[in-house]
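For reference, the chains in residue letters:
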Amino acid sequence: MIYNGEQTKKQESGQISGEMYTIAVIPKVEGISYFEAAEEGAREAGEDLNVNVLFEGPPAADWKQQSTIIESFIQKEVDLIAVSANDPEKLGPVLQKAEEKGIKVMTWDSDTNAGYRELFINMVDPENLGRHVMDNLASEMGEEGEYAIMTGSHEAANVSEWMDYIVKQQKKAYPGMKLVEAVETEDNPQKSYLAAKKLLRDHPRLKGILGSSSVGPPAAVEAARDAGKAGAVAVTGLSTPNLMREYIKEGSARVVTLWSPKKLGYLTVSLAEQLLDGSTLKDGQHVGKVGNIKVKGDTVIMGLPIDFTRENINQYDF
Amino acid sequence: MISKLLENITLKNSRLSTKLIVTYILLTVIPMGLLGMLAYYEYTKSMEEKVGEYIPKLLKQANSNIENNLSELEKLPDSIYGSSDVMSILRDSSLKTQSQSYQEQFVVESFLTNMYLDNSSEILGAFLVTEDRAFISTRIPYEGFKPENWLLPPSEKPAPGEKVEFMFPGQTGLEFEGGPPYLLLKKQVTDVDNRKTLGTIFLAVNLAFIEEVLYDVEENENAAMWVMDKGGQVIFHTDAGEIGTLSSEIREYPLLNGSFQAREDGGRTLISVNQSARHNWILVHRIPLKDLTVGTDVVRNATIFTFLTLVAITTLISVFLAWSVTKPIKRLGRAMQEVEEGNWNVSIPIQAQDEVGALAQSFDSMLAEIRELIEKNYTTELRQKNAELYALQSQINPHFMYNTLQTINMAVEDGESDTVIEMVTLLGRMLRYSLSNKDRLVPISQETAHIEDYLKIQKYRFEERLTYLVQTEADADVYAVPKFILQPIVENSIKYGLEKRKGLHIEIWVEEMLNARGEKDIVFTIRDNGPGIEEETLEELKAKLQSDPMGKRDSGFGILNVHARVMLMFGSRYELQVESFAEKGTEITIQIPAISKNEAAGYSDTQEDGEGK
Numbered sequence: 001m002i003y004n005g006e007q008t009k010k011q012e013s014g015q016i017s018g019e020m021y022t023i024a025v026i027p028k029v030e031g032i033s034y035f036e037a038a039e040e041g042a043r044e045a046g047e048d049l050n051v052n053v054l055f056e057g058p059p060a061a062d063w064k065q066q067s068t069i070i071e072s073f074i075q076k077e078v079d080l081i082a083v084s085a086n087d088p089e090k091l092g093p094v095l096q097k098a099e100e101k102g103i104k105v106m107t108w109d110s111d112t113n114a115g116y117r118e119l120f121i122n123m124v125d126p127e128n129l130g131r132h133v134m135d136n137l138a139s140e141m142g143e144e145g146e147y148a149i150m151t152g153s154h155e156a157a158n159v160s161e162w163m164d165y166i167v168k169q170q171k172k173a174y175p176g177m178k179l180v181e182a183v184e185t186e187d188n189p190q191k192s193y194l195a196a197k198k199l200l201r202d203h204p205r206l207k208g209i210l211g212s213s214s215v216g217p218p219a220a221v222e223a224a225r226d227a228g229k230a231g232a233v234a235v236t237g238l239s240t241p242n243l244m245r246e247y248i249k250e251g252s253a254r255v256v257t258l259w260s261p262k263k264l265g266y267l268t269v270s271l272a273e274q275l276l277d278g279s280t281l282k283d284g285q286h287v288g289k290v291g292n293i294k295v296k297g298d299t300v301i302m303g304l305p306i307d308f309t310r311e312n313i314n315q316y317d318f
Numbered sequence: 001m002i003s004k005l006l007e008n009i010t011l012k013n014s015r016l017s018t019k020l021i022v023t024y025i026l027l028t029v030i031p032m033g034l035l036g037m038l039a040y041y042e043y044t045k046s047m048e049e050k051v052g053e054y055i056p057k058l059l060k061q062a063n064s065n066i067e068n069n070l071s072e073l074e075k076l077p078d079s080i081y082g083s084s085d086v087m088s089i090l091r092d093s094s095l096k097t098q099s100q101s102y103q104e105q106f107v108v109e110s111f112l113t114n115m116y117l118d119n120s121s122e123i124l125g126a127f128l129v130t131e132d133r134a135f136i137s138t139r140i141p142y143e144g145f146k147p148e149n150w151l152l153p154p155s156e157k158p159a160p161g162e163k164v165e166f167m168f169p170g171q172t173g174l175e176f177e178g179g180p181p182y183l184l185l186k187k188q189v190t191d192v193d194n195r196k197t198l199g200t201i202f203l204a205v206n207l208a209f210i211e212e213v214l215y216d217v218e219e220n221e222n223a224a225m226w227v228m229d230k231g232g233q234v235i236f237h238t239d240a241g242e243i244g245t246l247s248s249e250i251r252e253y254p255l256l257n258g259s260f261q262a263r264e265d266g267g268r269t270l271i272s273v274n275q276s277a278r279h280n281w282i283l284v285h286r287i288p289l290k291d292l293t294v295g296t297d298v299v300r301n302a303t304i305f306t307f308l309t310l311v312a313i314t315t316l317i318s319v320f321l322a323w324s325v326t327k328p329i330k331r332l333g334r335a336m337q338e339v340e341e342g343n344w345n346v347s348i349p350i351q352a353q354d355e356v357g358a359l360a361q362s363f364d365s366m367l368a369e370i371r372e373l374i375e376k377n378y379t380t381e382l383r384q385k386n387a388e389l390y391a392l393q394s395q396i397n398p399h400f401m402y403n404t405l406q407t408i409n410m411a412v413e414d415g416e417s418d419t420v421i422e423m424v425t426l427l428g429r430m431l432r433y434s435l436s437n438k439d440r441l442v443p444i445s446q447e448t449a450h451i452e453d454y455l456k457i458q459k460y461r462f463e464e465r466l467t468y469l470v471q472t473e474a475d476a477d478v479y480a481v482p483k484f485i486l487q488p489i490v491e492n493s494i495k496y497g498l499e500k501r502k503g504l505h506i507e508i509w510v511e512e513m514l515n516a517r518g519e520k521d522i523v524f525t526i527r528d529n530g531p532g533i534e535e536e537t538l539e540e541l542k543a544k545l546q547s548d549p550m551g552k553r554d555s556g557f558g559i560l561n562v563h564a565r566v567m568l569m570f571g572s573r574y575e576l577q578v579e580s581f582a583e584k585g586t587e588i589t590i591q592i593p594a595i596s597k598n599e600a601a602g603y604s605d606t607q608e609d610g611e612g613k
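So the protein sequences, as listed, match chains A and B.
First residue of the first sequence? That's 1 in this note's numbering, and the numbers climb one at a time after it.
First residue of the second sequence? That's 1 in this note's numbering, and the numbers climb one at a time after it.
Everything labelled a hint here was simulated from the structure, so no lab data went into it.
Note that CB positions come from ideal geometry on N, CA and C, so glycine has one too.
Don't take every hint at face value.
[Said to hold, decoys possible] In silico lysine to aspartate or glutamate, EDC-like type, Cα no more than 20 Å apart, as pairs:
1. B:K459 x B:E512
2. B:K196 x A:D226
3. B:K187 x A:D79
[What the hints assert, rightly or not] Computed far set for chain B versus chain A, every beta-carbon distance over 10 Å:
4. N13
5. L38
6. E53
7. P56
8. T172
9. D193
10. E249
11. T419
12. E507
13. S572
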């Protein structure tokens, strides 16, 4: 041997062997297609990456129930808790408790205050999304008239942030439009339907409804149809293709916007695993089977929102 | 061990010059040879080390270039996600009419052409394979496209799909016209939104870019370079025939980043390797050592030439040295041999001042000494014999015999029978003394008795004209004397004394005395009142005694004979001395050591031994 250029042996990385990571993923609520799709993605990632994924959410979008679920995960001594928070502040104590037990905490879909978690995985840039959804509505309404917003809950950080930008965009670009009411629906289809019905009754000159919870737009379409105002009231917002496919195909709604919740679930588990491995994230980093992500400080943005229209809605199955 | 022993033995028995030559040569050739070899070895080694350190660095650079290129290429398949047209066609699995199907085919293949073939000249072809369709766009004709084989490598499970996989021509069976070396990049196309696998894209990448990188590293045509994956699958090789083969050597490599020597069919080679960090591709550079050390060959040849020259010179010097040392010794040896053969007059032609010269000189002087001793012993013996012969002769001196017989005759005529009896008795005794010549030394009493007998006979002849006295004061029976040392002197004295004088008185004294060294000597003094010896004659005689005691047999021979015998027998410290004054007489003294009879026997014997030689 003449020259040895071998570097000193690389440190054997972490605890790959031995135990599998257990990652607890908590959605805002169980039983709606959006989070069901997210669960699918999370479980797929769990299989691909060989980690144990526990997915459990409250029956209603309520922070107290989430807190209980988190408590039970702390009892189970999971390695990481990823929560889509129903309240940015109130989940703080239980998350801190988890951190004290050595459990890593991150948020996805909906953030808490930055102090309670290490990482937030956002689907889209909230400003970009908020303004874009407003643009879609304005285009449907001819940029004038009354409109209402149906949100999930005002407490949920993501929803309230989007709403900020929705309103900002309307005020800046569409002065002919007027927000008449913003109602909470707790991500509940039944409540959404009732809320939509009420909106149509209370505001006879209502020209558009923007649903910022995935159950909002279908409920609004149903309500408008039942009220005989199908086609007269423009409905758009955030919803899944599966919920909206029928309405879009028949023309009750022209466009809804969302991202792939499957992809979000997959990304959440992928990044949870990286966090447990101690690797740091870089802006523009490629995540397997997801694509490149944006990283700003402790926030990750998955990608751009997708508009589902009659032309493309058949391509999506969530 | 044994050979060394043999060498020792043969050296021991060989000639000195051979030994010297061998020693000199060994002393010079071995250290020079070792030094030369060491220098050459170290030089080559340092050269190899330098190159061995330098090439891996180049390789590392080249390998990272390749890896960068590869990383760029790896990103290419992802650009398909950018085309919503293509994505929607792929997502749509519903039944279509023939025309729809062809339209979609057109859209996707156009995309492949625009995206891959038009953008990157390195892409030979792009293949997008879905469950039921294949979209293909290539730069040059191809054959052997069997995607069903590509999708399921026999041994492995389908990979998770996120990573770009590499496939080699051997694995695919795909061949492009002109046979350019290529690599197939395989990547699964995933619908990230719907979480579905849409198909697989294959990009055939021309490996010419590797060649360019490698060309920058090495221009030596004897060097081989190749790229292989960690399993030994050769991805690219400067020898095109090797591409696609499986290299088994890799298992024998002691390391994957660095360089080492290996022995191959063609001799020793220097192999340098570098493994890239991400793909674990191994870049290998192999060059025969002899190509590497072309520069050192000059050094080696110069070293060998110098070495040989020095060996020749030192051999000459050693031969000359050995010759110059052994030649005088040989000459000395020859001289000695000549001496051994009996030639004592050898001249030794060595003038050197060194040890051999000293030896030669010693030998020369020893030879001279021996010559002298031989001369001396030889002549001494000869002259002693002569002297004794003369002494013997003088006993039967015809004149004396005649004169004595004449005297007896006259006494017979006168009827003096008593005188006759007396004379015959005396003569008889004298003859017997002469004949009893066995002993060289006799007691003093015998010698004095003999001289008295002689004087008595002469007294009968010359009657009153001759008177004599013999006086012995030494212990005449104990001490010995050489025979006939008195008679020649007395004869001489009578001869000259009675020639010119009417009467002659002779006295003989025998005395003991101590010489200068405190030893006892015997001194014989013969004194007469004859005519003496003339001054000139005396000087002449003394000179003869000094220089040539063995003079010719002329007058005075008797004295010289005695002197010679005394000197020869007892050494030059003992001698005969003559004092004479004209008209007054002569006194001759003979001094000899006091030798007892016992000693005399030994003396005689020694002399006998000397004679025998």
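To see whether the hints hold, each was checked on the structure:
{"no.": "1", "hint": "B:K459 x B:E512", "in the structure": "violated, 28 Å"}
{"no.": "2", "hint": "B:K196 x A:D226", "in the structure": "violated, 36 Å"}
{"no.": "3", "hint": "B:K187 x A:D79", "in the structure": "violated, 32 Å"}
{"no.": "4", "hint": "N13", "in the structure": "holds, 50 Å"}
{"no.": "5", "hint": "L38", "in the structure": "holds, 19 Å"}
{"no.": "6", "hint": "E53", "in the structure": "violated, 4 Å"}
{"no.": "7", "hint": "P56", "in the structure": "violated, 5 Å"}
{"no.": "8", "hint": "T172", "in the structure": "holds, 25 Å"}
{"no.": "9", "hint": "D193", "in the structure": "violated, 3 Å"}
{"no.": "10", "hint": "E249", "in the structure": "holds, 15 Å"}
{"no.": "11", "hint": "T419", "in the structure": "holds, 134 Å"}
{"no.": "12", "hint": "E507", "in the structure": "holds, 120 Å"}
{"no.": "13", "hint": "S572", "in the structure": "holds, 93 Å"}
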